[in-house]
Amino acid sequence: MNTNIETFKYDNRIVRAFAIVTVIWGIVGMLVGLLAAVQLFFPEANLNFQFITFGRIRPLHTNAVIFAFVGNGMFMGIYYSLQRLCKARMYSDFLSWFNFWGWQAIIVGAAVTLPLGYTTSKEYAELEWPIKVAIAIVWVAFTVNMFGTILKRREKHMYVAIWFYIATALTVAVLHITNSMTMPAGWFKSYSMYAGVQDALVQWWYGHNAVAFFLTTPYLGLMYYFLPKAANRPIFSYRLSIIHFWALVFLYIWAGPHHLLYTALPDWAQSLGMVFSLMLIAPSWGGMLNGLLTLRGAWDKVRQDPVLKFMVAAVTAYGMATLEGPLMAIKTVNSLSHYTDWTIAHAHGGALGWNGFLTFSMLYYLFPRLYKTELWSTKMANYHFWLGLLGMIFYIVPIYVAGITEGLMWKQFNKDGFLQYPNFLETIVQVVPMFRLRAIGGTLYLTGVFMMAYNLYRTAKAGKFEPDTEAQAAALEKGPEIAHGKYSFHRFLEGKPMFFTVLAIVAVLVGGMVEIIPMFLIRENVPIIASVKPYSPLEVLGRDIYIREGCLGCHSQMIRPFRSETERYGDYSKAGEFVYDHPFLWGSERKGPDLAREGGKYPDAWHYNHMDDPRSTSPGSIMPRYSWLLTQPLETDALPSRLGALRRVGVPYPAGYENGPAQKDLQAQALKIVGDLKLGSVNCETNKEIVALIAYLQRLGTDIKSAPVTTAAK
Amino acid sequence: MSVVIILILASLLVGLVFVVAFIWSVRSGQYEDTTTPSLRILVDEPQNKIGETKTTLK
Chain A
1198 MNTNIETFKY DNRIVRAFAI VTVIWGIVGM LVGLLAAVQL FFPEANLNFQ
1248 FITFGRIRPL HTNAVIFAFV GNGMFMGIYY SLQRLCKARM YSDFLSWFNF
1298 WGWQAIIVGA AVTLPLGYTT SKEYAELEWP IKVAIAIVWV AFTVNMFGTI
1348 LKRREKHMYV AIWFYIATAL TVAVLHITNS MTMPAGWFKS YSMYAGVQDA
1398 LVQWWYGHNA VAFFLTTPYL GLMYYFLPKA ANRPIFSYRL SIIHFWALVF
1448 LYIWAGPHHL LYTALPDWAQ SLGMVFSLML IAPSWGGMLN GLLTLRGAWD
1498 KVRQDPVLKF MVAAVTAYGM ATLEGPLMAI KTVNSLSHYT DWTIAHAHGG
1548 ALGWNGFLTF SMLYYLFPRL YKTELWSTKM ANYHFWLGLL GMIFYIVPIY
1598 VAGITEGLMW KQFNKDGFLQ YPNFLETIVQ VVPMFRLRAI GGTLYLTGVF
1648 MMAYNLYRTA KAGKFEPDTE AQAAALEKGP EIAHGKYSFH RFLEGKPMFF
1698 TVLAIVAVLV GGMVEIIPMF LIRENVPIIA SVKPYSPLEV LGRDIYIREG
1748 CLGCHSQMIR PFRSETERYG DYSKAGEFVY DHPFLWGSER KGPDLAREGG
1798 KYPDAWHYNH MDDPRSTSPG SIMPRYSWLL TQPLETDALP SRLGALRRVG
1848 VPYPAGYENG PAQKDLQAQA LKIVGDLKLG SVNCETNKEI VALIAYLQRL
1898 GTDIKSAPVT TAAK
Chain B
40 MSVVIILILA SLLVGLVFVV AFIWSVRSGQ YEDTTTPSLR ILVDEPQNKI
90 GETKTTLK
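Chains A and B supply the protein sequences, listed in that same order.
Throughout, the numbering used here is defined as the position within the first sequence, counted from one, plus 1197.
Throughout, the numbering used here is defined as the position within the second sequence, counted from one, plus 39.
One chain only, chain A, in its complex shape (with noise of 0.2 angstroms):
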């Protein structure tokens, strides 16, 4: 038996600067996500200033309460459980500061970059490439330091919760460096490597599981480390909790296409897709019994204690939306909700329940244990608890009535076989009452977190912050198999390679990805609709803004083979009409109509007015006014990095083209719309950026309508 016992100190300066941020950052994440939500029913509120119009900060709003908010939240709980469960300071307090600093930086970054227009467009990896970077570098300097706490661990046995966060940490840096495979075309823009289909696949593998491993993996470590502790009683099943985990680890990661549901994506991709989310089930409910049983005889404490009534309702949540997650993977299920405000509700559901309450649970429980005293008010942080609930019933119960409305209304025929709701803006115009209460939910939701703030803010003063708690352990015996040299695998995982080898795979990731990717894309870039066409320099150039205002945050760009879809937008999306399309711009959510056949709809003029003031020409509309784009100069000094960017991707423009006959055929076009204008009766230079933005959408969709398809077999 190893006598020797060992001193040492737990590291609380990083667990505190983590936590406050974690406050102040979701915060500011909810008054964004507030602005957006209001503009929904008020679209005037963005003040008429790009910088904060919806498209724009719906990026920002999501990548604030997931990477800001949950993120700092996440490094919180971890580094203040990962150093008592491994009895052991974190290995490093650079690489803890290194993190933390990287980490805010990241944020700020976002914070500027995303108004300003600077996006990819993908979904929750919306940061342009420098900024990509900088995450990789950071995650690395996070996943070395928990590695190597955990091999300096005094004991032995590795908490279920490690387990958790080394999924967390590995995970997450494959998706990151799969999904983040760009060609740059200067600073703060670049092309997706991938194009049309397989960009969607790729983007929403990453999306699928950066929930799965960002949102939930993480927070399932934390819920089994603090809920035991603030109820001091075991897990009700630590072997289930093993359980868990390896079926969590090995199920989610196949679920991706599921949000690709009777798009252009092949069928069998479509099938898998729902057939793993559906067996999700059974390891995320397994986990939430796991956490409510830990509470059975205890439930007069949950009476009595904040910590644990948020927990509670965390982890309701948490099963809530692992039960409807893969309900609306059925792919009959998804035909209605896709779309629709209904995936809104889900997400926040997951985001405001199971993320949010258990962050504010491990921040009641932290403070007082930081600051060596009781909390200032538990009496404040139970109203907050009942203030919360209430906001998230407010969000979410008028979103999922908006979402169904919609998905109905959208499908609805009338006895003549036409549809009833033929115009869209009458089925827009039909929820936005419940937009209206949204935003009161989300406003009751916002005030309890205001008041947690004030509560801890009291509790620190009223305490003495620890800067290191002090605590002893024996160090750790090597076990016999080592002694004995038994299992040299095991000597192998305990020594130091495992730094390089998790230096190793984000290097074998990044070379292989590079190498890997221009072999299989490129040469698949052939057309099989032979009617395809890359865009032209003006067009490039027009969808460049379509992208900078994060018009994919309304309009979908894909329309699903149903009759109600193809008789109100046109034929239906094929894989071939999207070969050209770096990054693709499908979208996820329709607050206005599709726009995949938008091309030839309606008149220049009209999108002119339309973009001036949408109120103008559809009466009701939500959608922002654009004006600005009526007066901005279009910048045609990045048209050469831009052609050549995305021809190195694949797209066959002929070489030479961007250095001389892009810039004239860019100005022709120009003409023949501003020409059109005038037809329309509109005055418009040729150098403003609307008259790129319209040929764009005239652009869309047009190439199958204009002649037969041919489609190839492959």
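I should point out that these hints are in silico values taken from the structure, not numbers from a laboratory.
A portion of the hints provided could be inaccurate.
Unchecked claim - The calculated EDC-like cross-link candidates involving lysine to aspartate or glutamate, where the alpha carbons are at most 16 angstroms apart (straight line), are:
#	chain 1	residue 1	chain 2	residue 2
1	A	1885	A	1900
2	A	1349	A	1241
3	A	1353	B	72
4	A	1885	A	1809
5	A	1730	A	1862
6	A	1353	B	71
Dock chain B against the given chain A, drawing on the hints supplied.
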């Protein structure tokens, strides 16, 4: 659809890492005892008296 090859490879890589980790965890005896680890996490801060009730193992 050749991009699925990349995704399957990346997914299998993740899967493989975890298969190895699983085999290691079982062989090194991580799961020999499935009771005490859940109790042990409750008693790691003996000197932290303020703000929590005293923990006793039954």
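Hints and how they fare:
1. A:1885 <-> A:1900: Answer violated: residue 1885 of chain A to residue 1900 of chain A is near 25 angstroms, above 16 angstroms.
2. A:1349 <-> A:1241: violated, 57 angstroms
3. A:1353 <-> B:72: Between residue 1353 of chain A and residue 72 of chain B the Cα gap is close to 12 angstroms, so the pair holds against 16 angstroms.
4. A:1885 <-> A:1809: Distance of about 13 angstroms is within 16 angstroms: holds.
5. A:1730 <-> A:1862: Distance of about 15 angstroms is within 16 angstroms: holds.
6. A:1353 <-> B:71: Roughly 12 angstroms separates the two Cα atoms, so the pair holds.
Hints 1, 2, counting from the list given before, are not met by this structure.
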